[in-house]
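From first to last, the protein sequence lines are chains A and B. For the first sequence, counting from 1, position 244 maps to 244 in the numbering used here; every step adds exactly one. For the second sequence, counting from 1, position 195 maps to 1195 in the numbering used here; every step adds exactly one.
No wet-lab data here; the hints were simulated from the structure. A few of these clues could be false.
The list that follows gives simulated cross-link-like pairs (lysine-lysine, BS3-like), each with its CA atoms no further than 27 Å apart [to be verified]:
| no. | chain 1 | residue 1 | chain 2 | residue 2 |
| --- | --- | --- | --- | --- |
| 1 | B | K1209 | A | K16 |
| 2 | A | K3 | A | K239 |
| 3 | A | K144 | A | K30 |
| 4 | A | K30 | A | K3 |
| 5 | A | K118 | B | K1067 |
| 6 | A | K18 | B | K1209 |
| 7 | A | K239 | A | K30 |
| 8 | A | K195 | A | K3 |
| 9 | A | K144 | A | K118 |
| 10 | B | K1067 | B | K1051 |
| 11 | A | K247 | A | K18 |
| 12 | A | K144 | B | K1209 |
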Amino acid sequence: MAKRIETVELSCFYGKTKAVDDVSIAIEPKSVTAFIGPSGCGKSTFLRALNRMHEVVPGARIEGQVLLDDEDIYAPEIDAAAVRRTIGMVFQRPNPFPTMSIYDNVAAGLRLNGLRRKSELDSAVERSLRSANLWDEVRSRLNKPGAGLSGGQQQRLCIARAIAVEPQVLLMDEPCSALDPISTLAIEDLIFELKDRYTIVIVTHNMQQAARVSDVTAFFTLRGPGEPGYLVEADTTQKIFTNPSEKRTEDYITGRFG
Amino acid sequence: MTAVSPGVDAASLRDVRSSRRGDRVFSGVTVVAGALVFALLGAIAVFLVVKAMPALQHDKSSFWTTKIWDPDATGRYGVAALVFGTVLSSVLALAMAVPVALGVAVYTVEYAPRRVGRFLGYLTDMLAAVPSVVYGLWGLFFLLPHLVGTQTFLNRWLGWIPLFSGAHGDVNTFSKSVFAASVILAIMVLPIVAAISREVIGQVDPAQKEAALALGATRWEMLRTAVFPPSRPGIVSAVMLGLGRALGETIAVALVIGNTFDISAHVLTPGGNTIAANIANRFGEAGALGRSALIASGLVLFVITLLVNLIARYVIYRSGVEERSAAV
């Protein structure tokens, strides 16, 4: 179920502004890769380029390649919607559909894929909610609005919604930045469990979080204000946090800048 | 007093008179403004009821059912045909205007390049600024002759639907009709519905749209999943406001409708009438009872539009309640 992602000299633009410069990185399946770095270093932009959500912004485009198991997802014959079905995404702010029930939120992606049979939907919804560690909390109120849940529950609902369509890769853009510590812990535990089945990429501002949940850490920064972000280094999380190769990484890790 | 924060001495805490006077004046002004709206609405209702009384008492039994309007000569009159024509022309107008208006709104917000979208927005708003008498004259001298082709087409190919059939078989002549009035009304209602829908659709949280796209939704699927559901109450109220305008529109309709008194769903055949158009056409030459009767019909229109607005409010209120209860 999990696939490998590789970028080849990937640069991201907003109009004429270059936001990410020339990043080549390989992300291994069934692992958690964390992107860390100061604000504005392009790590979220880079993440969004991995499932073609970047181009949703008017004027946004990329140069270079993103390969999903050696298939270029930006090739002209590739459908962006199909890419996003394969590479799911969880956002910074929990964004369940406000008019939909908990059940319908999880089923939304499945229905987009043409799944209509109630029995199949039922089992997929339960499976996804169980995987997101939310089932026990919501099983008695599946037809209540998803917006009625707490922030942490909403974010797990969004994770359930994302994994319901059984993606190969799960991208998470600062999924805990709007959550309290208890909810954050619940999400981190969940990420650890999901690692068995998915390739997970997580952008985080929180270095402890990167250290706790990830196998590989990639450090992004920018050369100066107004300059595009770039990848400094990517290595095992243990190495990045104990003995990084680059001075800049060490400065950031130890809190000397950023 | 020791707890007072630095820089604020005890005297300044008591010295609040000047700011309070401004406060009182302002709240007074708002109360008066609010009360004025209430008083105006009340005054209009009282005026209508009082002036309509003679006509309503003169003919209690048949005011709702009579299809004739001849108060001054024979004393027979009723709003049956007028209410029917008013509702029919307005509903027909909405049926034509709403799909186009929603298309315009969705296009300006979601599809058009930002510059084009903004320009189209201005154009739609300008459509709303055209005076209704201009619409009426344009309808009379330009639209009516050019509508003949459309009417012939509808009659020939969709004549099996009673709406488009002739009252007595085929339609031979086309002129002022409910259909013509509906087309004019549709054009007049379009900008309101389009403008409000545009605002409502534009206010959908971009995060919701991204959520749908990230699930692999196409543009259309994204609209269906993330944009239309939260916009629904706003769009409903836009349609209701459009309906309110269509029901009350006077001069443009008066110029292109047939001014007859029959209840007929054959919208292509010459004829038809609405409450507002009838008032405009007859008020000048009406006698005492005639005027009272016309005002009585105005009272009916007032109640109909009030009901439409109440229903719209209720729809918006109910969806608001749903959202609030969801947030608990």
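To see whether the hints hold, each was checked on the structure:
1. B:K1209 to A:K16: Holds, because 25 Å separates the two Cα atoms, which is no more than 27 Å.
2. A:K3 to A:K239: Cα-Cα ~24 Å, so holds.
3. A:K144 to A:K30: Violated. K144 of chain A to K30 of chain A sits at ~34 Å, over the 27 Å cutoff.
4. A:K30 to A:K3: Answer holds: K30 of chain A to K3 of chain A is near 8 Å, not above 27 Å.
5. A:K118 to B:K1067: 53 Å, violated
6. A:K18 to B:K1209: Satisfied, since the Cα-Cα distance of roughly 25 Å is no more than 27 Å.
7. A:K239 to A:K30: Distance of about 19 Å is within 27 Å: holds.
8. A:K195 to A:K3: 12 Å, holds
9. A:K144 to A:K118: 18 Å, holds
10. B:K1067 to B:K1051: 21 Å, holds
11. A:K247 to A:K18: 25 Å, holds
12. A:K144 to B:K1209: With Cα atoms ~21 Å apart, K144 of chain A and K1209 of chain B stay inside 27 Å; holds.
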